[in-house]
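Could you put the whole structure together from the sequences, leaning on the hints where they help?
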Amino acid sequence: MKNALGDHQSLLVLGGSSEIARSTARLMVGRRTRTVHLAGRPSPELDASAAELRALGAEVTVLDFDAADVDSHAAVLGKAFTEGDIDVVLLAFGVLGDQAEDERDPVAAARVAQVNYVGAVSASLVCTQQLRGQGHGALVVLSSVAGERARRSNYIYGSSKAGLDVFAQGLGDSLRGSGVQVLVVRPGFVHTRMTAGLKPAPLATTPDAVAAAVLDGLGRNAHTVWAPGALRFVMSGLRHLPRPVFRRLPI
Amino acid sequence: MESLTGWGRTAPTLARVERPTTVEEATLAVLAAGPRGAVARGLARSYGDAAQNAGGRVLDMTGLSRILDIDLPAGTVTAEAGVSLHQLMKVLLPLGWFVPVTPGTRYVTLGGAIGSDIHGKNHHVSGSFSRHVSSFDLLTADGSVRTVTRESDSDLFHATVGGMGLTGVVTTATVRLLPVRTSLMSVDTERAADLDELLARLTTTDHRYRYSVAWIDLLAKGGSMGRAVLTRGDHAEPGQLSPAQRRDPLAFRPATLPAAPRLLPGGLLRPVTVGLFNELWYRRAPRERRGEIQKISTFFHPLDGVPEWNRVYGRNGFLQYQFVIGLDQERTLRRIVERISRSQCPSFLAVLKRFGQGDPGWLSFPAEGWTLALDIPTGMPGLGGLLNELDDEVAGAGGRVYLAKDSRLRPESLAGMYPRLDDFRRLRAELDPAGLFTSDLARRLRL
Ligand SMILES: Cc1cc2nc3c(=O)[nH]c(=O)nc-3n(C[C@H](O)[C@H](O)[C@H](O)COP(=O)(O)OP(=O)(O)OC[C@H]3O[C@@H](n4cnc5c(N)ncnc54)[C@H](O)[C@@H]3O)c2cc1C
Chain A
0 MKNALGDHQS LLVLGGSSEI ARSTARLMVG RRTRTVHLAG RPSPELDASA
50 AELRALGAEV TVLDFDAADV DSHAAVLGKA FTEGDIDVVL LAFGVLGDQA
100 EDERDPVAAA RVAQVNYVGA VSASLVCTQQ LRGQGHGALV VLSSVAGERA
150 RRSNYIYGSS KAGLDVFAQG LGDSLRGSGV QVLVVRPGFV HTRMTAGLKP
200 APLATTPDAV AAAVLDGLGR NAHTVWAPGA LRFVMSGLRH LPRPVFRRLP
250 I
Chain B
0 MESLTGWGRT APTLARVERP TTVEEATLAV LAAGPRGAVA RGLARSYGDA
50 AQNAGGRVLD MTGLSRILDI DLPAGTVTAE AGVSLHQLMK VLLPLGWFVP
100 VTPGTRYVTL GGAIGSDIHG KNHHVSGSFS RHVSSFDLLT ADGSVRTVTR
150 ESDSDLFHAT VGGMGLTGVV TTATVRLLPV RTSLMSVDTE RAADLDELLA
200 RLTTTDHRYR YSVAWIDLLA KGGSMGRAVL TRGDHAEPGQ LSPAQRRDPL
250 AFRPATLPAA PRLLPGGLLR PVTVGLFNEL WYRRAPRERR GEIQKISTFF
300 HPLDGVPEWN RVYGRNGFLQ YQFVIGLDQE RTLRRIVERI SRSQCPSFLA
350 VLKRFGQGDP GWLSFPAEGW TLALDIPTGM PGLGGLLNEL DDEVAGAGGR
400 VYLAKDSRLR PESLAGMYPR LDDFRRLRAE LDPAGLFTSD LARRLRL
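Protein chains in written order, with numbering that gives the first Met the number 0: chain A, 0 to 250; chain B, 0 to 446.
Just so you know, the hints here were simulated from the structure itself, not pulled from any lab data. Glycine residues also receive a C-beta, built at the ideal position from the N, C-alpha and C atoms. Treat the hints with care, as some may be off.
Stretch by stretch, here's where chain B covers chain A in the computed footprint (C-beta under 8 angstroms, at least three residues) [unchecked claim]: (1) 1-7; (2) 133-145.
Have a look at the derived ranges for each label pair, beta carbon to beta carbon [as the list claims (entries may be wrong)]: (3) A:Glu102 / B:Gly384: 47 to 53 angstroms; (4) A:Gly29 / B:Arg269: 27 to 33 angstroms; (5) A:Gly29 / B:Ala433: 56 to 62 angstroms; (6) B:Arg269 / A:Ala200: 37 to 43 angstroms.
Spelled out as C-alpha cells, the structure:
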C-alpha cells in the first residue's frame, strides 16, 4: 500500500531491463519499496537488474514476459497480482528500431509498432483492470517526446509512441474516480544503451533524472511529466511550427 | 465505490461502502464481501488507513447506533457499536454517568473505541477502554455472532480489543460507566519551563488527579526545550459550582464553532508561524491556576468545537505520530524531543502523558510509560526519514507506535513493537482462514 507520505511498497516493471526502469526501481527500493516484480524477456540484463535490487534489500521475482505476445499477457501479468497488491506498474518496454533499415523492411517496422503500441495497449489494460479491482495504484507509461511530432529521422518509433501516448491519456481519463492514477512520462533524449552512438539532442537527460521525475509525478498525482521539465515548453513551441519550417530544423 | 481516507486525509483508496442498520444487514454484507474482504468503519477518527479497504467492502457502522440498555444500579450501558461517545454522553451525563475513557474527540464510535483500545487522560488511573468492557458481540468471518467476554473467550477478547477490526465486526458492547455528580470539571493549570521540570512534575503529582495531560511546545529550543502547560483535573463536586451552575449540574452543552475553512494558505504551516502560535499559546496559559471550573467539552475535546479542523492542513493532509516508551527511558524520550525540536517540525501543540499499567490486549497500544503525540503536515521535507529514525529509537527502547494513528510505519518495525503479533496472526488464521477481514492498514503492515 502507498503510505501517507506517498511511498510505495510494491512495484511491477514491464521491461525490467530498461535502464530507466532500473533507475526508477533502484530509487523506489531506496525509499520504501520492498516487493518488485520484473517482467521481461529472459536476458542477462534482466537477471542483473534483479540481482541489483535484491542487493538493495528488495524481494524480487522475475517473470517471463514478451510484450509482442499479447495472448500471454493476462496469464503472465495476472500472476504478479496474485501475491499481493501492486502499488505501481511501470510500463517501460519499447524498441527504438533502426529507421533507415525499418523503412526498407516493413516487417521490421511493424515489429516496432507491435511492441511499442500493440503490446503496450494489451499490457496496460491487463494491469489497469487489476489495479481497478484493488481500488488503488498507479500505471506509469513511458512515452517519448518523439511522439509529439513526426520527425523525418525517427517517425516509425515516434508514431508508435504517439499512439501509446494518446492511448494512455484516454486510459487515464477512463480511470478517473477509480482510485487508479495513470502517469504519462515524456522523456526527451536519454543517455542509455538504446541511444548509445546516437547524437544526443539538446536537453539530453539521464535515466536517474527520469526516475526522479517519475516519482515526483506520482507524488503530485500528476497525469503527465516531462523529463527534463523544460521540454514541455520547448515542445509546445515546436508543436505549432508550420510543417515547412519544422522540416528544415536540424532535429 | 467511494474514496475513503482517515482523519489525516492522506492515501485515499476506493471501496464499496455498506451502511447496515441491523446486525442481519451487517452479516449479509460480510458474507458477500468477495476476495478483497471487508472491514468495519466508525467515525473515521483514526488518522491513517485502519478503516479503509481498497477494492473491497467497508461497513460504515454508524447506522447501528441504538442504546439498547442502561442498567442504572449496575452502572453499565449496552449499545450498538456505531453509537458515538458524544451520543452516550448526551444520554448518560444527565443520569449521572460518564464514559469510563474518552479520547481527545467525542466523535468516535463504541466499535472504534474497542477496535483501537483507546486511552484517555485518565489512563494512569483507569487504563484503556477495554478494561471497562464487560462483553461484546462479534460478527466473525463465518457469519455467526458470538458473545465474547474475557472470561469465556480470553484469546478472542484480547485479540479484538486493539485488533483494528481484523477479527470481525463488533455489533454491540456492554461497558461499565463512571458515576459523576456534575457535568463539569475542576481543572488545575500550570506551566513547566522545560522538559525536566515537566517530567518531574508529572512523576511526583500525577497520582493526585484522575485526568492529566501536558501540551508541549516542540518548537522551543535550548533552555526552554520541552516547555509545557499541564492541565489536570477531576469531575467537579456540586460544592465547587457557582449557584447558577448548581441549578443544572449535569447539563451537557458542548459549544460549537463554525467549520474550519476548506483550505488555509499552505504558508501558515511553517516553523515560524507555528512557533509564533506556540509562543502565544504558552504565554496565554496561566503560570498556575487551581480549581477552574470547565465544561467537559472544553477540558476533553477542545478541537471538537471546530468541525472539520483537519482541513486546516490543506491538500496534502497530515499525520499523527504517537509512541510510548517505558518510564525508565527518559533519556530516550529526551533524545526524541531534542530530535523533533531540532528538525523544526511545524507541529502545533504536541501532547505528553504518563501512562499507567497497560492492559492485556494483544495489539493494544498503551503500556506503562511516557507517551508523546504530535500532528505533522505530510509536506514537511525529510519527514519520512525523521520518523523512521524515531521508530528505531522507540523500538530500541522497547516502545511502540499507535496503530490507530499510524499511516506510515514500515512493516519490519512492527514485530519488535508488538510482541504478541504472532499470536494475533495465528488466531486470525484460525478464525478467518480466507482472510475476509482486512484493511489497508493490514495490507500495509502485513498484520
Ligand atoms: C482529534 C482526535 C483526538 C484523538 N485522541 C485520542 C486519544 O486521546 N486517545 C486515543 O486512544 N485515540 C485518540 N484518537 C484516535 C481515535 O480515538 C481512534 O482512532 C478511534 O478508534 C476512532 O474511532 P472511530 O469510531 O472513528 O473508528 P474508525 O477510525 O472508523 O476505525 C478505527 C478502527 O476501529 C475499527 N472498528 C471501527 N468500528 C468497529 C466495529 N464496529 N467493530 C470492529 N472494529 C471496528 C476499524 O476497523 C479501525 O481499525 C483521536 C483522534 C482524533 C481525530
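Hint check:
| no. | hint | verdict |
| --- | --- | --- |
| 1 | 1-7 | holds (count 6) |
| 2 | 133-145 | holds (count 3) |
| 3 | A:Glu102 / B:Gly384: 47 to 53 angstroms | holds (51 angstroms) |
| 4 | A:Gly29 / B:Arg269: 27 to 33 angstroms | holds (28 angstroms) |
| 5 | A:Gly29 / B:Ala433: 56 to 62 angstroms | violated (35 angstroms) |
| 6 | B:Arg269 / A:Ala200: 37 to 43 angstroms | holds (40 angstroms) |
Hint violations for this structure: number 5 only, all remaining hints satisfied.
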